[in-house]
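Going down the list, the sequences are from chains L and H. Sequential numbering of the first sequence, starting at 1, is according to our numbering. Sequential numbering of the second sequence, starting at 1, is according to our numbering.
No lab work stands behind these hints: they were computed from the structure. Please read these numbers as outputs of a predicted model, since none were measured by experiment. Treat each hint with caution, since some may be false.
[Unchecked claim] Here are the simulated lysine-lysine pairs, DSSO-like style, with alpha carbons at most 27 Å apart:
| hint | chain 1 | residue 1 | chain 2 | residue 2 |
| --- | --- | --- | --- | --- |
| 1 | H | Lys292 | L | Lys58 |
| 2 | H | Lys480 | H | Lys67 |
| 3 | H | Lys165 | H | Lys209 |
| 4 | H | Lys446 | H | Lys405 |
| 5 | H | Lys403 | L | Lys58 |
| 6 | H | Lys461 | H | Lys292 |
| 7 | L | Lys58 | H | Lys446 |
| 8 | H | Lys131 | H | Lys110 |
| 9 | H | Lys263 | H | Lys530 |
[Unchecked claim] Computed footprint of chain L on chain H, listed as stretches where at least three residues anywhere in the stretch have a Cβ under 8 Å from a Cβ of chain L:
| hint | segment |
| --- | --- |
| 10 | 29 to 37 |
| 11 | 214 to 227 |
| 12 | 409 to 421 |
Glycine included, each C-beta is placed from N, C-alpha and C at the ideal position.
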Amino acid sequence: MIAFVIRRLLQSLIVMLVVGFVAFSMFNFLGDPINNMVGQDATEEDRENLRVALGLDKPFYVQFLVYLSNAVQGNFGTSYRLGMPVVDALADRLPATLELVFCAAGLALLVGVPLGVYTGLHRDRWLSKVFLTLSLVGISLPTFLIGILLILFFAVQLGWLPSFGRGDVVDLGFWSTGFLTASGLKALILPSVTLALFQLTLVMRLVRAEMLEVLRTDYIKFARARGLSNRAVHFGHALGNTLVPVITITGLQIGSLIAFAIVTETVFQWPGMGLLFLQAVQFVDIPIMSSYLILIAFFFVAINLVVDLLYYFVDPRLRADRAVAGGH
Amino acid sequence: MMIRRLLLTTAVGMALVASAAADAKVFRFSTSGDINGLDPHLNNEGPTNAMKNNLYEALIFRDHELKLRPSLATEWKQTAPTVWRFALRKGVKFHDGTPFTADDVVFSLKRNNHEQSGMRTYSASIAEVKKIDDHTVEIITKSPNPILDQNLPAVFIMSKAWAEKNNTTTPVQGIVGNESYANTHINGTGPFRLLDRVPDTRTVLVPNKDWWGKAEHNLTRVEFRPIANSATRVAALLSGEIDMMFPVPLQDVPRLKRSAGVKVLEGPELRTVFLGMDQWRDELKDMPGTGKNPFKDVRVRRAFYQAIDIQAIHRVVMRGASTPTGLMIAPGINGFAKDLNDRYPYDPDGAKKLLAEAGYPQGFPVTLDCPNDRYVNDEAICQAIVPMLARIGINIKLNAQTKSKHFDKIGSRSGNDTSFYMLGWTPGTYDAHNMLHNIIVTRDQKAGTGSNNSGRYSNPKVDELARMIGSESDREKRNKMIHEAMKIHKEDFGHIPLHQQALAWGVRDTVANLPQPPNDAVIVRFVKMK
Chain L
1 MIAFVIRRLL QSLIVMLVVG FVAFSMFNFL GDPINNMVGQ DATEEDRENL RVALGLDKPF
61 YVQFLVYLSN AVQGNFGTSY RLGMPVVDAL ADRLPATLEL VFCAAGLALL VGVPLGVYTG
121 LHRDRWLSKV FLTLSLVGIS LPTFLIGILL ILFFAVQLGW LPSFGRGDVV DLGFWSTGFL
181 TASGLKALIL PSVTLALFQL TLVMRLVRAE MLEVLRTDYI KFARARGLSN RAVHFGHALG
241 NTLVPVITIT GLQIGSLIAF AIVTETVFQW PGMGLLFLQA VQFVDIPIMS SYLILIAFFF
301 VAINLVVDLL YYFVDPRLRA DRAVAGGH
Chain H
1 MMIRRLLLTT AVGMALVASA AADAKVFRFS TSGDINGLDP HLNNEGPTNA MKNNLYEALI
61 FRDHELKLRP SLATEWKQTA PTVWRFALRK GVKFHDGTPF TADDVVFSLK RNNHEQSGMR
121 TYSASIAEVK KIDDHTVEII TKSPNPILDQ NLPAVFIMSK AWAEKNNTTT PVQGIVGNES
181 YANTHINGTG PFRLLDRVPD TRTVLVPNKD WWGKAEHNLT RVEFRPIANS ATRVAALLSG
241 EIDMMFPVPL QDVPRLKRSA GVKVLEGPEL RTVFLGMDQW RDELKDMPGT GKNPFKDVRV
301 RRAFYQAIDI QAIHRVVMRG ASTPTGLMIA PGINGFAKDL NDRYPYDPDG AKKLLAEAGY
361 PQGFPVTLDC PNDRYVNDEA ICQAIVPMLA RIGINIKLNA QTKSKHFDKI GSRSGNDTSF
421 YMLGWTPGTY DAHNMLHNII VTRDQKAGTG SNNSGRYSNP KVDELARMIG SESDREKRNK
481 MIHEAMKIHK EDFGHIPLHQ QALAWGVRDT VANLPQPPND AVIVRFVKMK
C-alpha cells in the first residue's frame, strides 16, 4: 500500500516534468512579454536589456532548465505582471479556487445523487422528465453563458447576489476564506452554481443509469423476494452499488472543475488561480503559466491517487483481493 | 428553505450596513485590468499612471483639460536654454509625515532615470538636478528641451528617506529573485492614501487629511475593483455594485443609455489609430520572385488611403464612436493643426486609376497584420478594410492576432516582419515630437529613433525637421516646423491615419461630478458623489 502511494507520487513527478517541458515549448507561440512589461516609449536597448535579464533571449529548453534548477531550490520565479514571487501569487489565489471547487463539487453531489436516484426509481413520473430535460440545459449551455444569465437575473434584475468578486474574506494566515462572512457566502452562490451545473447533470445522469442497471440485477430481485422494504432495497443495496463509478467520475471531474474554473472565475472576476492563469496568458507571464500548469498536473495525479485509495473503502471486493494477494 | 433563510438574513444585514454608511461618500470604479503595480517609476501604462496620480504627486499636475497646474512646484521658469528653475511648495508632508524638500526631488528624478525605470522616457532629457536650497531646484537638460514641463507631470516624487529606509532606492522590473518594496507600498504626497490593496481584486484609497491643497472631491473612500469580463463589468454597473466603469463595449452603449440610473460619457481619445506600409523591402513579402514592392510608390499608398471608406467604418464598425482623422495626432496634442486634419476624399475609382498608373492595374496580394484585443473593434476595422481594398483589386489576407503576438511581429525584434499593419499611438508627452520621433522619422536603432516606424517610412527632410524640433525652444518657431513635418508626411502618405476612437465611460447617477479627460484617466480628486 505504501509502496503503491510512493510509486504514484514518483510518477507524478514525471508527469509534472513532461507538462513543464511541453508548456515551455509552447510559450514561444504566445508572443512577446516584453512589450507588455515596458511602456510604448521604451527604447530598443531597454527592451533588449530586459529580455536578457529575463533570460528570454535563450532557447526554450535552456529557459526550461533554468526554471527547473530554480524550482528545485523552491524558487518558482517572479511574475512578470504582478512583480511578486509566483509562489506567493499562487498561494494567494489557491484558497479562492479550492473553496469554489469544493462548493461546486459538493453541490453537484448533494443535488445530483438524490436527483439521479429519484429519476432512476421513478422513470415515468413527470417530475423525472422535467429534471432530465433541465439537465440537458446544464450539459449543453456553455459555462460563460450560464454565468452571465445568472448574473443578469440574480444580480441585475433581483439585486440579491453580487455579480463579481469574492465578498469579504477572513484571513486565517495561511488561508483566506469566504466561508465566515455573509458577503463571502453570498458571493459563492452564483459561481458555485455555474461551475456545478455541468457536473451536477453528469452525476445525476450517471446515478440514474447505474440505478437502472443495478435494479435489474439478481441480488435486487433476491432482496425483494426476501420481502425487504423498498427503502432497504433502494438505499441499502442498490445505491451503495452505484457509488463506485460515481466516485471515479466525481474524482476525475474535480480535476476538470479546477480547470473549468478558469471560465467561471473570469466571468465572476473570482480571484482564483484560473483568473490568474488567464491573465497570465494574455500578458505572456511565463513564470505564472508554467507553475500553474505544473501545479494543475500535480492536482490531477493526486486526485487520481485519492480516487484509487477510496475504492478500498467503498468496494469490499478490492480489499479482499489485496488481502489474498498479500498472502502469496 | 435554508437558502431562503440565508438570503433573508444577509439581505437584512446588507440593509443595516447600508443605513450605517449613509453619510459615507464611496466611489467605486472598475476597468478591465488591474493596475500593474504601485512603484511610481515603473509601469508606464494608462490606468496605472492615473492611479499613481491619486497617491503621488509630480512637480506639475496635468488636469482634466490637459492644462498644467502647479503641484509640488509652485512656479517654474526656463532660465537658459538648458536650465529650468523650480520653486518647491513649502509645508508639504509625505503620507508618513516626513516633510517634502528639494532632496526628494533630486532623489526621485534620479530614480526615474534609473536604467530599470519604466518612466525614463519622461525624464531622459535631464542631465542633472541641482539643489539650490531646501525649496528650490534647478534642472539641467542635456540639450535644450522646450517641452520639459509637458513631461514632468509623469515624473512622480517619492520620499528619499522612506526609500532608503525600506531599501527600495531603485525601481525593479519583475525579474527573478527581485522584489520591490515600492511596488507594493506607497508613500507619496498625493491627495489620497492607500488603505488596502489586493492585486487583481481591489485597491482602496482614503483621502489624505493632511494634503496641502483644497479638496475638490467629497469622497470618504475610493475602491478600484478591476473586472476582466466586459459583460460582467456592465452587469456590475447596472446592479449598482460599482459607480463607474470603462470602457463600455460599443454594443452595450445604446442599452446603457436606455437604462435608468446609468449614463454614458463619451468623448474623443488622444490615441490615433493608423495603418502602416512596408516602404523599405525591395520585394514585398507577399510577392516573392517579382522583385517589386508597390508600397515604395506614393501613388499606391495614396490609392490605399483613398480606397478606405472611413465614414463607413465610423458609422458601421465604430457605431459612431470615432473621430475620423487626416492627421497622425489628435486635438489636444501640441502641434495639432486643423488645416491638416482634413482627409483626402474617399475615391475608389481614383484609387483604381492610381494603381494602374503605378503599374498594378490588376492589384497585388498583401497581408494585413492586425491586433484583436488592443483597440476598440480593431479586428472588425481590418475586416471592413479587406473588401474596400478588394474593390480596387488588392487581394488582402487578414492576419488578426492577440496584441502580444501582433506587436512582436511588427516590432523591431522580428525585423518589422510586416507589409501592412495597424497600430495606435498616443504621444505620452502630449506633443507632436513624440509621434515624429517614434513613428515617423527614419528608423535608426543606435540613435533610438523611429523605433515604432514598422513600415520604415523615411524622408530626410522630415528627419531634419524632427531633429530641430527636438531642441528648438521658441514655441512658435517650433510649432511651425511641426506643421511642416506633418504636412510633408501627409503628402507622402507615409501612414494612413484612420481615427481617434471614442472614450466610453458608464457612470451611475450616484456620481455628481466626474470629468472625462481625453487620456482616459479617472482623476479621483475631481470626483463628487451625490
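(message) Can you confirm whether the C-alpha distance between lysine 480 of chain H and lysine 67 of chain H stays at or below 27 Å?
(response) holds (21 Å)
(message) For a C-alpha distance cap of 27 Å, please report whether lysine 263 of chain H and lysine 530 of chain H respect it.
(response) holds (15 Å)
(request) Could you grab the alpha-carbon distance between lysine 461 of chain H and lysine 292 of chain H and see if it respects the 27 Å cut-off? (result) The given pair, whose Cα atoms are some 25 Å apart, holds under the 27 Å limit.
(message) Hint check: lysine 403 of chain H vs lysine 58 of chain L, CA-CA at most 27 Å. Holds or violated?
(response) Between lysine 403 of chain H and lysine 58 of chain L the Cα gap is close to 22 Å, so the pair holds against 27 Å.
(message) Tell me if the straight-line CA distance from lysine 165 of chain H to lysine 209 of chain H falls inside 27 Å.
(response) Satisfied, since the Cα-Cα distance of roughly 24 Å is no more than 27 Å.
(message) Three residues or more, CB to CB closer than 8 Å: is that satisfied between the segment 29 to 37 of chain H and chain L?
(response) holds (count 3)
(message) Next pair to validate is lysine 446 of chain H with lysine 405 of chain H; report whether the Cα-Cα distance is within 27 Å.
(response) holds (25 Å)
(message) Next pair to validate is lysine 292 of chain H with lysine 58 of chain L; report whether the Cα-Cα distance is within 27 Å.
(response) violated (35 Å)
(request) Could you grab the alpha-carbon distance between lysine 58 of chain L and lysine 446 of chain H and see if it respects the 27 Å cut-off? (result) Distance ~23 Å between lysine 58 of chain L and lysine 446 of chain H Cα, so the pair holds.
(message) So is the segment 409 to 421 of chain H in contact with chain L by the C-beta rule, three or more residues under 8 Å, or is the coverage claim wrong?
(response) Coverage by chain L holds for the segment 409 to 421 of chain H (3 residues, Cβ < 8 Å).
(message) Using a Cβ cutoff of 8 Å, are there at least 3 residues of the segment 214 to 227 of chain H near chain L, or does the coverage claim fail?
(response) The restraint on the segment 214 to 227 of chain H holds, since 3 of its residues have a Cβ under 8 Å from chain L and three suffice.
(message) Can you confirm whether the C-alpha distance between lysine 131 of chain H and lysine 110 of chain H stays at or below 27 Å?
(response) holds (13 Å)
In terms of the numbered hints stated before, the structure departs from hint 1 and from no other.
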